[in-house]
Amino acid sequence: KQEVTQIPAALSVPEGENLVLNCSFTDSAIYNLQWFRQDPGKGLTSLLLIQSSQREQTSGRLNASLDKSSGRSTLYIAASQPGDSATYLCAVRLGTNFGNEKLTFGTGTRLTIIP
Amino acid sequence: SQTIHQWPATLVQPVGSPLSLECTVEGTSNPNLYWYRQAAGRGLQLLFYSVGIGQISSEVPQNLSASRPQDRQFILSSKKLLLSDSGFYLCAWSTTGGHTIYFGEGSWLTVV
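Residue numbers (my numbering), protein chains in the order written: chain A, 1153 to 1267; chain B, 515 to 626.
There are no misleading hints in this set.
Negatives, chain B to chain A, calculated, CB over 12 angstroms:
hint, residue
1, S531
2, T538
3, Q587
4, S592
5, L595
6, D599
7, S600
Below, simulated DMTMM-like cross-link-like pairs (lysine to aspartate or glutamate); rule was C-alpha separation at most 20 angstroms, straight line:
hint, chain 1, residue 1, chain 2, residue 2
8, A, K1153, A, D1179
9, A, K1194, B, E619
10, A, K1194, B, E536
11, A, K1153, B, E573
12, B, K593, B, E536
13, A, K1220, A, D1179
14, A, K1220, A, E1208
15, A, K1194, B, D599
16, B, K593, B, E573
17, A, K1220, A, E1155
By construction, these hints were calculated from the structure, which means they are not laboratory data.
Yeah, the Cβ is synthetic: ideal placement off N, Cα and C, and Gly gets one too.
Okay, chain A solo, but in the shape it has when bound:
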């Protein structure tokens, strides 16, 4: 059974700093990995998606990397801003055929950027 872990559970950093969020998964046979952002009391917004054949994806100040063999992904946020404060979740997908297309989520990292 796939298990996804995110450490730390909470992180506070001063504005302007670069930071890294970690995600690890137990079954390396994944189809893709996705990073989401969740603001308090809201739904999830997709940030970046990395296919199993890719090593990294970038969007603006965000960079996500994937090391499938070691079961790890990182989300790098450059020049953090107070608006980046949110909970960040990673999720893995095993495949595309019936039964494998669903996502397994980590418990998230609650990020607070201190002005």
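Start from chain A and add chain B according to the hints.
Chain B alone, transformed into the frame defined by chain A:
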């Protein structure tokens, strides 16, 4: 463009009362549909998913059920709510064989 709507946004229900949460997707056909629950201090737990009308898989045994009466409509129900059913419920969709999953805004359920 595709959109997902979920309602009601919040509700407070007494123990033993019924529940109906509704989710609809617009702008796409034959989506995969999902219901997740996010309990306080816990991650997202997949409750049900559906790849087509009448095809629903349940991930965990529970007090809830799901139905898909139309291609782009997904309903989460309960006949008698328990206190442990309280949480944040999220509907989501993805295209068949697609990569990205899209979430609704969620429904806060408090069972009292």
